[in-house]
Amino acid sequence: MTVPVSWYLLLAAALFAIGVFGALTRRSGIAIFLSIELMLNAANLVLAAYARLLGERSGQMVVFFALAVAAAEAAVGLALFIAVFRLRKTIDIDRINLMRW
Amino acid sequence: MEGGFLNLLAGDSITRLVFFPTVAALPLVFLRRASVRTIKLYGLAAALVEVALMVLWAGQHWDAAGILARDPVLEWISLPGLSIVYEVGIDGISLPLVLLTGLLLPLVLLGSWRGIERWWPGFVASMLVLTTGILGALVALDLFLFYVFWEVMLIPMYFVIGIWGGERRVRAAVKFFLFTMAGSLVMLLGILWLGWTYSRLAGVWSFRYEDLLRLELPIGEQLWLFAAFALAFGVKVPMFPVHTWLPDAHVEAPTGGSVVLAGILLKLGTYGFLRFALPLFPHGARQLGPWLVALALVGIIYGALVAWVQPDLKKLVAYSSIAHLGFVMLGILAVDLVAWQGALIQMVNHGLSTGALFLLVGMLYDRRHTKKFEDFGGLAKVVPWFSFFLVFSALASVGLPALNGFVGEFLILLGTWSVGMRAATAVAAFGVILAAVYLLHMVQATLFGPITHEENRNLRDLDGREVAALLPLCVLMLWIGVAPRAFLEPSRPALESVLAGYQARLEQPAPERAELGRADFRTASRAFAAAAREAELPR
Amino acid sequence: MSALDLFWLVPALPLAGAAINGLLLRNSQKPLVTAVGVGLPGLSLLVALAALVEWSASVRPAAYEQVLWAWTAGPAAFDVGFRLDALSAVMLFVVTFVGFWIHVYSVGYMGHDAGYRRYFAYLNLFMGAMLLLILGNNYLVLFVGWEGVGLCSYLLIGYYFEEAFPPYAGKKAFIVNRIGDFGFLLGLFAIWSTWGTLHFGQLGEKILADPAVAHRPFALGLSTAAFIALFLFVGATGKSAQIPLFVWLPDAMAGPTPVSALIHAATMVTAGVYMVVRTNVIYQLAPEISTVVAVVGAATAIFAATIGIAQNDIKKVLAYSTVSQLGYMFLAAGVGAYKAAIFHLGTHAFFKACLFLGSGSVIHAMGGEQDIRKMGGLRKHLPATYATFAISTLAIAGIPGLAGFFSKDEILGATFLAHVPAARLLWGVGLLTAALTACYMSRLVFLTFFGDFRGSHEQEHHLHESPRVMTLPLWVLAVGAIVSGWIGIPSGMWEAFGAHDRDWLGHFLAPVVAVIPGHEAGEHHASQALELALIGASIAAAVVGIYLAARLWLRRGLEADASFAARAPRLQKLLEEKYRVDELYDRIVVRPIAKLARICWKVIDELVIDGGLNVAAFLTEITGDLGRFTTTGNVRNYALYFFAGVMLLLWWMVL
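Taken in order, these protein sequences are the chains called A, B and C.
Counting from 1, position 24 in the first sequence corresponds to residue 24 in the numbering used here; the numbering is continuous, with no gaps.
Counting from 1, position 25 in the second sequence corresponds to residue 25 in the numbering used here; the numbering is continuous, with no gaps.
Counting from 1, position 540 in the third sequence corresponds to residue 540 in the numbering used here; the numbering is continuous, with no gaps.
Bear in mind the hints are in silico, worked out from the structure with no lab data behind them.
If you're wondering where the values come from, they're calculated on a predicted model, not measured in any experiment.
Note that the Cβ used here is the ideal one computed from N, Cα and C, for glycine as well.
Treat each hint with caution, since some may be false.
To be verified - Calculated pairs, DSS-like style, for lysine-lysine (alpha carbon to alpha carbon, straight line, at most 25 angstroms): (1) C:Lys573 / B:Lys372; (2) C:Lys374 / B:Lys381; (3) C:Lys602 / B:Lys371; (4) C:Lys602 / C:Lys374; (5) B:Lys371 / B:Lys381; (6) C:Lys602 / B:Lys372; (7) B:Lys371 / C:Lys30.
Unchecked claim - Pulled from the structure, derived: some chain C residues nowhere near chain B, Cβ distances all over 10 angstroms: (8) Ala12; (9) Thr72; (10) Val144; (11) Gly158; (12) Arg216; (13) Leu463; (14) His507; (15) Ala510; (16) Val515; (17) Asp586; (18) Leu613; (19) Asp625; (20) Thr630; (21) Leu649.
Kindly generate the complete structure, drawing on both the sequences and the hints.
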């Protein structure tokens, strides 16, 4: 009795939508990163589901890569935000418009 | 490829002539702490060595029949389906201009001796690299290579104007650069189109001059390609109405920059017409020719008129260049051997006489730091030798018979008249009157009349260095005027063959679709073909 | 080594003198400068005479040609060469002989001038160029000399360059000449494009081989010959100061007086006449244009004469007189009397040079004064000057026995009998001009040499006869003014007196005039009575002119001028201001062109072209400025752009 793959897809879609919404509307930089992680994980979920369905191991390999990349990107991004915080004392992205004209 | 290029550089080749100045400029990096005098002498020595190399090369390699002399072809950029070669050669059309370039380089340095006040190493280096760029453009036989050298010329010139120029130098330099680049970019499109068309027909990309000459294009393509090339070269000549960069560039440039600019750089535009625009697109040239003739005539009259009312001495000479090169363009567009002979010799003549005039203006500026007529007057009494050279050069510019200017003008007008362009000849001959008007006005306002400014009473006459800079030019002006045959004859075979090829192509109408003609039939320059056969090059 | 082999030395020696004096010697080496400056033209004269003798004894009447080198080769091949034939022989003698004596005179006249060396350099350069002009064997060498003399004219008129006016006058001369040269060049091109050669001999042969070619229509509704004749004549009007390009000659008097004598009386201005006679084959084939030449010549003659009578500067009178006499020469050439034109050219060279040098002597004595209203009674103080001046005046007036009588009468006679429309009218104009000539020249003599001295006391003390180096040339030229007529006494005159035709000059020059089959110019042959009547009319005109002048100015002096001015003030003013031609030219030519030039510069160049470019640059700049607004630095904006882009991409990929 397996779970139909459509359930995984729906879950992933929902996660992705929540992630997009969060990335576009949240003010805090950390929150945006959280949302981005959500989106990445949604994609990972789809990959894993289809890997299982089709019996392909390569899908699971890609999930590993994606996880590694997500971790690295989160590390870099958090480092950037720490540097910006030291300068601007805030991580409210509306207030960090250093690259203005 | 590296080995091939360095071999050429070391050997007795055209490549050595082209690149020697740049190679000579490299040690300047290490001579940064040397005295200014050392740098000046070093530059002069390098220039004189270049002249010597040229004379030696010409003496040994020049074939009296005026056939092309060339270096072995080297592969440059070679990808599957694309081959851009390094191919250089000199024939009777480029030789006079190459020699003129060599001649003017030491004279430029002599003339700038006192005028350049800072960073001499940079100036010498700029001049040397500029010489390489000019020579490269004159000898390139691959259109891509030609374009590279064409653009290479711009950068040192930009620096010369922008660093060592007058008050508004940066603006003038930028204007010069943008004008020329705008035209050149359109030409680049044309070159790419030619390469692509060739690749469509022959299967492999090539930008070689001889290969592209085989292309027979439909009239529509010829028209826009010719227009593209004409725009690029027309900006350089300069032709009306894209001429306004020249007066600004000349006024702001230092003496040496002006001499090179007027003496040689402008000729590259006319050379480009003769070498590329006309032979590659004969039908387009024939159709658009009358428009260019009109512009050339406008240039002759307009340039002369505006020169007459200038309050600035250098601007007057700048506008006179527009007028003189209008004559050259007229001669080229007449497509007649006599007119072409006149046009080619006039290119050299203009370099000599206008070069001398700019040197003289520079000498005056060195003393008085002004170029305005109102600051002069009555100088003939104070500086007789200066006056002699000024009047002499002005008369050569006016086209007085027995001096060089007359030879060119006469042959151009004679040729233009004999192909039936009588009204154009009459208009151009009218320009001869105007030339006397503005040049004699220049002489009078500077030299004659009572002395109006006390500072002028104590001016120093020319010293040995300045006379040394002017004397070769004046000797040539007289020699070419009195016995021009020796200067005209070497170029005649090359001109004849280009003309014959051009006229042969016109016998057939332009095809409906692009075609590739046979290799040695109806190439625009049989001389090239003959020399290629001799050198057993791949065709 | 025969003299003919050394023929090239004739122009080369003066040119060498110019180079030596101009570039090598210094102002302090005055004796050397004189030796070079006078000696080399003298040597040139000797070589010329030797060459003439040798030629005359050997190949005459065939032409002797000496080609020096090839100027160009190929389709437009021209040589540098010289030609000695009857025409160039006559010109050669006139130029070298008169030129030499003017050089001698200059030693005295310019002796105290600081620019002595420069003067002789320019004068030698002129001699060289003039000799190139007359000795060249093709139109190209002629043109080199043509422009060369124009250059020297510019340099010598502007000799006193520290003042403002002489350089201006020199510039004017050069530019007006250039306007003429414009026409000349077009004529040359037409010759070359039709017959393929500019060589006199070859051209003559080709034209005579097929005269019909010359009649083919060419341009502007003219036949080939007419086009060439007209445009070459335009060049001649510039060089020889005819209407409408004469305006440079009176101002040219700003140069030193010997220059005026040499260049603007004896030689350079006659170049146009020489050129027309040299080209007579084409002029004969274009009768309409020949008539134009004659009409312009006659009109100029009388026009200049009317101005001359109202001038008060001694040199200006002579200048307008030159213009007028040149008009006679063109009148002769126009009616086909080529020998008469050259004859008058030669006699005129002698008496006009003598007159100018004499005026120089007067000016020298007067300490620089040139206004005849301040002179008077000078014949007591300057006897030699007076004598030679008077002889030359009688010559120019046309008193029988002297040179001018013979040449002028021949011209008038030929005009009367010519086959041109309005021949009688032209004759009448010529006769009237002769009377006027006699009148104003006599006026000049009477006001200058007779009566009471009207100048200041210092000037009176200063009056002295010129030194021998100046009076000797005067005498030589005066003798020439008498004798030079005798060699060319026209055939008509011989016939009129029933004597054997001894027109030596006419026979000498006959080979130069082309004989075109089917075009034989038939002059009416006049009866003896008609000839005598014409001679009588010429003499009468001269006598009337002198008599009138005597009654007015010998008797009443300056008062005659004053009363005329009172009675016809506007006419007086018009004549004195030379019909305001210069002002007219300034208004309709010079100023409009200057205005056009300024418009081209300020409006087209600066406003339109540069302005257009500046607008384009400005547009680029504001586009950049507008574009700046997208870089807000706000991350959420960038996220939005990102998102929008992804949507577009997806949409494009799906659709």
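Results for each hint:
no.	hint	in the structure
1	C:Lys573 / B:Lys372	violated, 40 angstroms
2	C:Lys374 / B:Lys381	violated, 33 angstroms
3	C:Lys602 / B:Lys371	holds, 20 angstroms
4	C:Lys602 / C:Lys374	violated, 50 angstroms
5	B:Lys371 / B:Lys381	holds, 19 angstroms
6	C:Lys602 / B:Lys372	holds, 18 angstroms
7	B:Lys371 / C:Lys30	violated, 37 angstroms
8	Ala12	holds, 12 angstroms
9	Thr72	violated, 5 angstroms
10	Val144	violated, 4 angstroms
11	Gly158	violated, 6 angstroms
12	Arg216	holds, 15 angstroms
13	Leu463	holds, 30 angstroms
14	His507	holds, 35 angstroms
15	Ala510	holds, 32 angstroms
16	Val515	holds, 30 angstroms
17	Asp586	holds, 14 angstroms
18	Leu613	violated, 7 angstroms
19	Asp625	holds, 19 angstroms
20	Thr630	holds, 26 angstroms
21	Leu649	holds, 30 angstroms
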